[in-house]
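Since chain A is already given, all that's left is putting chain B on it; use the hints.
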Amino acid sequence: MNTQGTWIVSWFDLVGLPKDLPHWVYTLVSLVCVYLFVVIPSAVLMSYLDRKLTADLQARIGPNRAGYAGVLQSIADFLKLLQKEPQFKWGLRENLWLVSHTMALYSTLAVLPLGSLALLVDTEMSAFLPFWATLVLALGTMLLGLTQASVPGWFGGIRVAAQTLAGSFPALIALVCAGVRAGSFKWSSLVHSQSFALWGWAAISNPFQTVAFFVFIISGLVILAIPPLDGGLSQSDIHGGVSSYLHGRRLSLFQMGRLYGFFFWCLITVVLFLGGWNLPESLVSHLREGESWIMLSFLELTCLLIKTFFLMLVVTWVARVNTRVRVDQITDFSWKVLSPFSLVALMGASLWAGWRAL
Amino acid sequence: MSQNYLRTDLTTWEIGPYHGALPVPMRLKLQLDGEVIAHAEVETGFLHRGLEKACELHPWKSLVSYADHLDPEGAVFGEIVLTNAVEEIFGIPVPERAQCIRVILCELTRISSHLAYIVRMAKMAGSETIIHYVLRDRERVLDLFELLTGARFSINFLRYGGVRFDVTEGFIERVLELCELIRIRIKEYNDVFTYNHSFIKRSANIAPLSKELIRHCGITGPNARASGVCFDLRKTYYGKAYDRVEFEVPVGVGALGVVGDVHDRFIVRLKEVSQSIEILKQLVETIPSGEYCNLVDNKISRAIRGEAVSRVESSRGLLSCYVLADGKDTPARVQFTTSSMFNVKLIPYLISGVRIEDLPVVLASLDLSVAEADK
Numbered sequence: 001m002n003t004q005g006t007w008i009v010s011w012f013d014l015v016g017l018p019k020d021l022p023h024w025v026y027t028l029v030s031l032v033c034v035y036l037f038v039v040i041p042s043a044v045l046m047s048y049l050d051r052k053l054t055a056d057l058q059a060r061i062g063p064n065r066a067g068y069a070g071v072l073q074s075i076a077d078f079l080k081l082l083q084k085e086p087q088f089k090w091g092l093r094e095n096l097w098l099v100s101h102t103m104a105l106y107s108t109l110a111v112l113p114l115g116s117l118a119l120l121v122d123t124e125m126s127a128f129l130p131f132w133a134t135l136v137l138a139l140g141t142m143l144l145g146l147t148q149a150s151v152p153g154w155f156g157g158i159r160v161a162a163q164t165l166a167g168s169f170p171a172l173i174a175l176v177c178a179g180v181r182a183g184s185f186k187w188s189s190l191v192h193s194q195s196f197a198l199w200g201w202a203a204i205s206n207p208f209q210t211v212a213f214f215v216f217i218i219s220g221l222v223i224l225a226i227p228p229l230d231g232g233l234s235q236s237d238i239h240g241g242v243s244s245y246l247h248g249r250r251l252s253l254f255q256m257g258r259l260y261g262f263f264f265w266c267l268i269t270v271v272l273f274l275g276g277w278n279l280p281e282s283l284v285s286h287l288r289e290g291e292s293w294i295m296l297s298f299l300e301l302t303c304l305l306i307k308t309f310f311l312m313l314v315v316t317w318v319a320r321v322n323t324r325v326r327v328d329q330i331t332d333f334s335w336k337v338l339s340p341f342s343l344v345a346l347m348g349a350s351l352w353a354g355w356r357a358l
Numbered sequence: 001m002s003q004n005y006l007r008t009d010l011t012t013w014e015i016g017p018y019h020g021a022l023p024v025p026m027r028l029k030l031q032l033d034g035e036v037i038a039h040a041e042v043e044t045g046f047l048h049r050g051l052e053k054a055c056e057l058h059p060w061k062s063l064v065s066y067a068d069h070l071d072p073e074g075a076v077f078g079e080i081v082l083t084n085a086v087e088e089i090f091g092i093p094v095p096e097r098a099q100c101i102r103v104i105l106c107e108l109t110r111i112s113s114h115l116a117y118i119v120r121m122a123k124m125a126g127s128e129t130i131i132h133y134v135l136r137d138r139e140r141v142l143d144l145f146e147l148l149t150g151a152r153f154s155i156n157f158l159r160y161g162g163v164r165f166d167v168t169e170g171f172i173e174r175v176l177e178l179c180e181l182i183r184i185r186i187k188e189y190n191d192v193f194t195y196n197h198s199f200i201k202r203s204a205n206i207a208p209l210s211k212e213l214i215r216h217c218g219i220t221g222p223n224a225r226a227s228g229v230c231f232d233l234r235k236t237y238y239g240k241a242y243d244r245v246e247f248e249v250p251v252g253v254g255a256l257g258v259v260g261d262v263h264d265r266f267i268v269r270l271k272e273v274s275q276s277i278e279i280l281k282q283l284v285e286t287i288p289s290g291e292y293c294n295l296v297d298n299k300i301s302r303a304i305r306g307e308a309v310s311r312v313e314s315s316r317g318l319l320s321c322y323v324l325a326d327g328k329d330t331p332a333r334v335q336f337t338t339s340s341m342f343n344v345k346l347i348p349y350l351i352s353g354v355r356i357e358d359l360p361v362v363l364a365s366l367d368l369s370v371a372e373a374d375k
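Chains A and B supply the protein sequences, listed in that same order.
Residue 1 is where the first sequence starts when you use the numbering used here, and the numbers rise one by one after that.
Residue 1 is where the second sequence starts when you use the numbering used here, and the numbers rise one by one after that.
Just chain A, same shape as in the assembly (with noise of 0.2 angstroms):
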């Protein structure tokens, strides 16, 4: 069995599912299990963490019908747009299109890095599989724009295609930085070339570092169009691009996207350069003599958790406070400013590498 295959075994001893069942089996129920104990909690907890602290700071009640405090607000969004009926009748071009949407997102699902005992896809190659998936994101978004025949939809998509494209250049290179640090671009030996302590982490390691992560996270926004980088989906002379002639059912499931690609380059930005998973070393030697492993992937998961959850906060909190940037001076922003500095980032780091191996 080759190491994805030991990696998937490993995390499915901790519940006990027998062994001889076939390997796809396992990878199936294994990514059902991801997406539905991780990332829609994740998504209804940060939605509704989302509302209600911007809604603080707007100096308004928020959600507050929808269970106590509306904390079911988005569970009861979601119904709703369920029972919508479609607006526009769609075609097989529109449905290949949200095949491909939900193909490229959801199939990060399997690189999700969610500590050392849940790593379903740990390869040399890891860390470089997520790009693979917002590019086709963007180019699916794209054609859909251009076949959707109508001038939001034209500048929708072709916006999104920009901004991807601008925002994938300083976002490798900034990877490629963390790599550098690490040695790899194994999901297990970049948190492991980390630790839980605050100056263990690759983000505050070295100046160079230091810069590559906000490159990376702010490349992110760029690449997934996300507030207040959103000009692409968003800007109110194209009524939202793309996103403006999906209803209901539809709406849901992109919206539902746009959210899990925030949550997930959150998480792949704290696992490469904000200590990832790690706990303090006594804590796992003792979980791991005592073999607490239910415990220790726990433990693991609840930390990579709230340090995600808290960096979207703070990307939500600038994007509330900020008005939303034009396209062109994104684009401009990502190739003139964000690149440069990635590229001296690398540098930088590559020579602090190299004078540490001495």
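Honestly, the hints are just simulated from the structure, not real lab data.
A couple of the hints might just be wrong.
In silico lysine-lysine, BS3-like type, Cα no more than 25 angstroms apart, as pairs [said to hold, decoys possible]:
1. B/K201 <-> A/K336
2. B/K61 <-> B/K328
3. A/K52 <-> B/K123
4. B/K271 <-> B/K211
Leaving out everything else, chain B in the frame of chain A:
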């Protein structure tokens, strides 16, 4: 606007009457060169209510409530311009106290209208937080309208010869409180929005309005003052209660971009709010005693025939009203000339060469009121 962009075939894009990019109902036919607007045509009239004709069909006393609907956001300006004209024709004197109350209402309305302007600008620029702050403060202004007139909008408060009621108990104190509150809040708006780098990037150097264009289209009010044309009726013509107070007329200086750009138009309105506060503070402290309405000598006489034109400086610019009386129970002709009529004419000139992402911001920056333009 930089001319070094890639030229493509022109695309036609028609939007409206209702669209997220349009602050008011209108139809825009745009020719797009890539994302840049090459040519634009404007069509209005979707909010035409026949207001002037309605005025001709109703008795004199009912006219105020129609004039009030001229611009829902600045109701008192429509009322004051009509009552001034009617009072001139029939020779109805207005007590000093009533004039003062009218001007207090005008300045409160100016503050309310400019705060609504900030909201529209923030909405179009995509800055959500400031909207809630400004709306919260605007409610305080509307509270004062309610305290004085019993209504938050469409106050229907002016009468020929004065106003409907005297100032309510506690009104003066609350106006002073509001002045202090808004003075503090303007600093907050500046911190969060006006001088926010991302807003400056969206507004500075965008769609500057030249003095030639102002003359060509007949633009008045804050839009003209933002381009350096210092013309304010409150200083030059309408001196009834304004001659009692000291205030400045803010003009655009192009502090962050060129003179007369979107950011200048925004800043001039914010400064006008500050000036309105100064006017209010001085007026409420020196409000003269006496009658709030000339109840003896306010009759409309059928024997009098005549015509009059009155002008006021509304929150959007010059507002004038022509009234013709021919000895009947109803006026023979009422005609309003509003600044928004001219601002609408300006749109095709102003948005040519602008990126479509800036279109909502540029349109919002003109502070259009289609209700006022379509009448």
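Here is what the structure says about each hint:
1. B/K201 <-> A/K336: Given pair B/K201, A/K336 holds - Cα atoms ~16 angstroms apart, limit 25 angstroms.
2. B/K61 <-> B/K328: Holds, because 13 angstroms separates the two Cα atoms, which is no more than 25 angstroms.
3. A/K52 <-> B/K123: holds, 20 angstroms
4. B/K271 <-> B/K211: holds, 21 angstroms
Of the numbered hints listed earlier, not one is contradicted by the structure.
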